[in-house]
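Protein chains: 2
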Amino acid sequence: MEQILPHLDSVFSIDCVLFGFDGKELKILLIERNEEPFKDWWALPGNIVGPDESLDQSASRILYELTGLRGIYMEQYYAFGDPNRHPQGRVITLAYYALIRLGGDKELRPISNYAKRANWLPITDLPKLAFDHQKIYDKGLEKIKRRIKHQPIAFELLPEKFTLTQLQHVYELVLGKKLDKRNFRKKIVSFGVLKELDEKQKGVSYRAATLYKFDKRKYAKLFGKEISF
Amino acid sequence: MEQILPHLDSVFSIDCVLFGFDGKELKILLIERNEEPFKDWWALPGNIVGPDESLDQSASRILYELTGLRGIYMEQYYAFGDPNRHPQGRVITLAYYALIRLGGDKELRPISNYAKRANWLPITDLPKLAFDHQKIYDKGLEKIKRRIKHQPIAFELLPEKFTLTQLQHVYELVLGKKLDKRNFRKKIVSFGVLKELDEKQKGVSYRAATLYKFDKRKYAKLFGKEISF
DNA sequence: ATTACTTAGTGTAAAAATTACACACTATAT
DNA sequence: ATATAGTGTGTAATTTTTACACTAAGTAAT
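So the protein lines, in turn, are chains A and B.
Each residue of the first sequence is one higher than the one before, counting from 1 in the UniProt record's numbering.
Each residue of the second sequence is one higher than the one before, counting from 1 in the UniProt record's numbering.
Keep in mind that the hints are not guaranteed to be accurate.
[Claimed, not checked] Below, simulated DMTMM-like cross-link-like pairs (lysine to aspartate or glutamate); rule was C-alpha separation at most 25 Å, straight line:
no. : chain 1 : residue 1 : chain 2 : residue 2
1   : A       : Lys39     : A       : Asp52
2   : A       : Lys145    : B       : Glu142
3   : A       : Lys135    : B       : Asp138
4   : A       : Lys143    : B       : Asp56
5   : A       : Lys216    : A       : Asp138
6   : B       : Lys145    : B       : Asp125
7   : B       : Lys139    : B       : Asp52
8   : A       : Lys218    : A       : Glu53
9   : B       : Lys218    : B       : Glu156
10  : A       : Lys149    : B       : Glu226
11  : A       : Lys143    : A       : Asp56
12  : A       : Lys135    : B       : Glu226
13  : A       : Lys143    : B       : Asp138
14  : A       : Lys186    : B       : Glu226
15  : A       : Lys135    : B       : Asp56
16  : A       : Lys128    : A       : Glu25
17  : B       : Lys139    : A       : Asp40
18  : A       : Lys178    : A       : Asp132
19  : B       : Lys139    : A       : Glu25
20  : A       : Lys178    : B       : Glu226
21  : A       : Lys187    : A       : Asp40
22  : B       : Lys135    : A       : Glu226
23  : A       : Lys139    : B       : Glu142
24  : A       : Lys135    : A       : Asp40
25  : B       : Lys149    : A       : Glu75
26  : B       : Lys139    : B       : Glu32
27  : A       : Lys221    : B       : Glu75
28  : A       : Lys181    : B       : Glu226
29  : A       : Lys139    : B       : Glu53
30  : B       : Lys143    : A       : Glu25
31  : B       : Lys178    : B       : Glu156
32  : A       : Lys177    : A       : Glu156
Rather than coming from a laboratory, the hints here were simulated on the basis of the structure.
Using the sequences plus the hints, can you model the full thing?
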């Protein structure tokens, strides 16, 4: 119902759960707050939605401001609006997640002044989080667990070229269970969204694995058909 | 980011997509607006979130005010926040869906004054909708299509006691395709969430079918295991 | 060049799930 | 008694899923 527009004191924000993968562990990006409330606590990066931004634009801007990253696959997944979730007033927040490959270069560019610092922390050992951010994170993890079974989001966590073992590793981390190597390969290849390259892995002290990349074209053709893990 | 709370003129609302099933068709509840903008247009029922309500509470209140219904399974599914979606200012809206069985008695109790009337309209023949409500509806339908494959939400559209044929009918309507009778029964029974009653359907001029009901207890035990259609 | 080490890469058989498909039964209405 | 309309049921063929272990290839150290 939207025909009358009272001026209400409500604030609408976006918080981001950025999952990162460095080849070993799943991490999330947290900031250490520099201001009250929850000064010195770790929190999810977030910000207030600007008056002329769409929600997705706003999420992209926030991600960019906090990390310098652009062009990342992000998706809103839940709105949190408990009237008491923020000690200073009513703040409804919309949670987005993003999946990012870590390592290499382009890391953590300067951060807005409300944070002392930002850091990628392994999800296996998270500190207490400010506000209801633990809940937001939990729901985000749950979300990508479900999503990775049906959508090709695992690739976002990997470099453009990757080995099947690396891909399996990502699935195992997100789903939280071991998968059978042969069955995994059989299945993932049968989806027909991988392109086998002529290249091999480099810099390893054992037999180098074949590199693959995700084939967006092939995936686009499959549209509608469900992938299922 | 939530440490400073500027007073912004933003409005946060909830819109509901109420899917109803009368035994024949899928319908949604629409209201005919009585005020500008979009006076005389059909729109989704919605309202502004109160300052001390949680989002779910607010959605329940709105549903109750518009229909008199309580205790309905509702879930938020997407936030719409295009800066231009409302001609009079910034309104971010959170969409909820609900599934309701129609027919019988408890229908459409008096409606707030912003609507001329409210009506259940078949989804196969919807009018043009106000604002971006067509988009909101589309996304809602998409959502329940996916959800009905994995969660026991079909039962919300049926009376407490129902026949397997009625249940199949609901699945067919939502998924938009025919299902094989024998395979459907085999599968739905194998989930083990139905309780066969000693009762038979009444008032039909042919062999009466056995009635079933959804067994919440059994379903609770299955928790974690995925249903899949 | 031999050896030790580490991961890559591969096939099959058994079990389970899915699909396609047709007819006799039962209740009611006339 | 007969026509009608929907109920309720089984099976064989196919596909998908699961469980499972060894050889091949490359690197590093000697």
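Hints versus structure:
1. Taken as a hint, the lysine 39/A and aspartate 52/A pair is broken in the structure, with Cα atoms around 29 Å apart against an allowance of 25 Å.
2. Restraint check for lysine 145/A and glutamate 142/B: satisfied, since their Cα atoms lie roughly 20 Å apart, inside the 25 Å limit.
3. For the proposed pair lysine 135/A and aspartate 138/B, the alpha carbon gap of about 29 Å is over 25 Å, so the pair is violated.
4. Note on lysine 143/A and aspartate 56/B: the hinted pairing holds, with a Cα-Cα distance of about 19 Å set against a maximum of 25 Å.
5. Taken as a hint, the lysine 216/A and aspartate 138/A pair is broken in the structure, with Cα atoms around 29 Å apart against an allowance of 25 Å.
6. A distance of roughly 18 Å separates the Cα atoms of lysine 145/B and aspartate 125/B; the hinted pair therefore holds under the 25 Å criterion.
7. Restraint check for lysine 139/B and aspartate 52/B: not satisfied, since their Cα atoms lie roughly 28 Å apart, outside the 25 Å limit.
8. The hinted pair formed by lysine 218/A and glutamate 53/A fails the criterion: a straight-line CA distance of about 33 Å is larger than 25 Å.
9. Restraint check: the Cα-Cα separation between lysine 218/B and glutamate 156/B comes to about 16 Å, which is no more than 25 Å; the hinted pair holds.
10. Note on lysine 149/A and glutamate 226/B: the hinted pairing holds, with a Cα-Cα distance of about 12 Å set against a maximum of 25 Å.
11. Distance hint between lysine 143/A and aspartate 56/A is fulfilled; the C-alpha atoms sit about 18 Å from each other, no more than 25 Å.
12. Only pairs whose Cα atoms come within 25 Å are accepted, and lysine 135/A paired with glutamate 226/B is accepted, the gap being roughly 23 Å.
13. Proximity of lysine 143/A to aspartate 138/B is assessed by CA-CA distance (about 21 Å); at most 25 Å being required, the pair is judged to hold.
14. For the hint linking lysine 186/A to glutamate 226/B, the alpha-carbon distance of about 22 Å falls within 25 Å, and the restraint holds.
15. A C-alpha spacing of about 16 Å is found between lysine 135/A and aspartate 56/B, which places the hinted pair at or below 25 Å, so the restraint holds.
16. Between lysine 128/A and glutamate 25/A the CA atoms are separated by roughly 19 Å; this keeps the pair inside 25 Å, and the hint holds.
17. Distance restraint check for lysine 139/B and aspartate 40/A: the Cα-Cα separation of roughly 40 Å exceeds the 25 Å cut-off, and the hinted pair is therefore not satisfied.
18. A distance of roughly 31 Å separates the Cα atoms of lysine 178/A and aspartate 132/A; the hinted pair therefore is violated under the 25 Å criterion.
19. Among the hinted pairs, lysine 139/B with glutamate 25/A is inconsistent with the structure: their alpha-carbon atoms are about 34 Å apart, more than 25 Å.
20. This hinted pair checks out: lysine 178/A and glutamate 226/B have alpha carbons roughly 18 Å apart, not beyond 25 Å.
21. Our distance criterion of 25 Å between C-alpha atoms is broken by lysine 187/A and aspartate 40/A, whose separation comes to about 46 Å.
22. This hinted pair checks out: lysine 135/B and glutamate 226/A have alpha carbons roughly 23 Å apart, not beyond 25 Å.
23. Of the pairs offered as hints, the one joining lysine 139/A and glutamate 142/B holds, with about 21 Å between alpha carbons and a cut-off of 25 Å not exceeded.
24. Of the pairs offered as hints, the one joining lysine 135/A and aspartate 40/A holds, with about 19 Å between alpha carbons and a cut-off of 25 Å not exceeded.
25. Of the pairs offered as hints, the one joining lysine 149/B and glutamate 75/A holds, with about 22 Å between alpha carbons and a cut-off of 25 Å not exceeded.
26. Among the hinted pairs, lysine 139/B with glutamate 32/B is consistent with the structure: their alpha-carbon atoms are about 21 Å apart, no more than 25 Å.
27. Distance hint between lysine 221/A and glutamate 75/B is unfulfilled; the C-alpha atoms sit about 31 Å from each other, more than 25 Å.
28. At roughly 23 Å between alpha-carbon atoms, lysine 181/A and glutamate 226/B fall within 25 Å of each other, so this suggested pair holds.
29. Restraint check: the Cα-Cα separation between lysine 139/A and glutamate 53/B comes to about 21 Å, which is no more than 25 Å; the hinted pair holds.
30. Of the supplied pair hints, the one linking lysine 143/B and glutamate 25/A is violated, its CA atoms being roughly 32 Å apart against a limit of 25 Å.
31. Between lysine 178/B and glutamate 156/B the alpha-carbon distance is near 20 Å, which keeps this suggested pair within the 25 Å criterion.
32. Restraint check for lysine 177/A and glutamate 156/A: the C-alpha separation of about 20 Å stays at or below 25 Å, so the hint holds.
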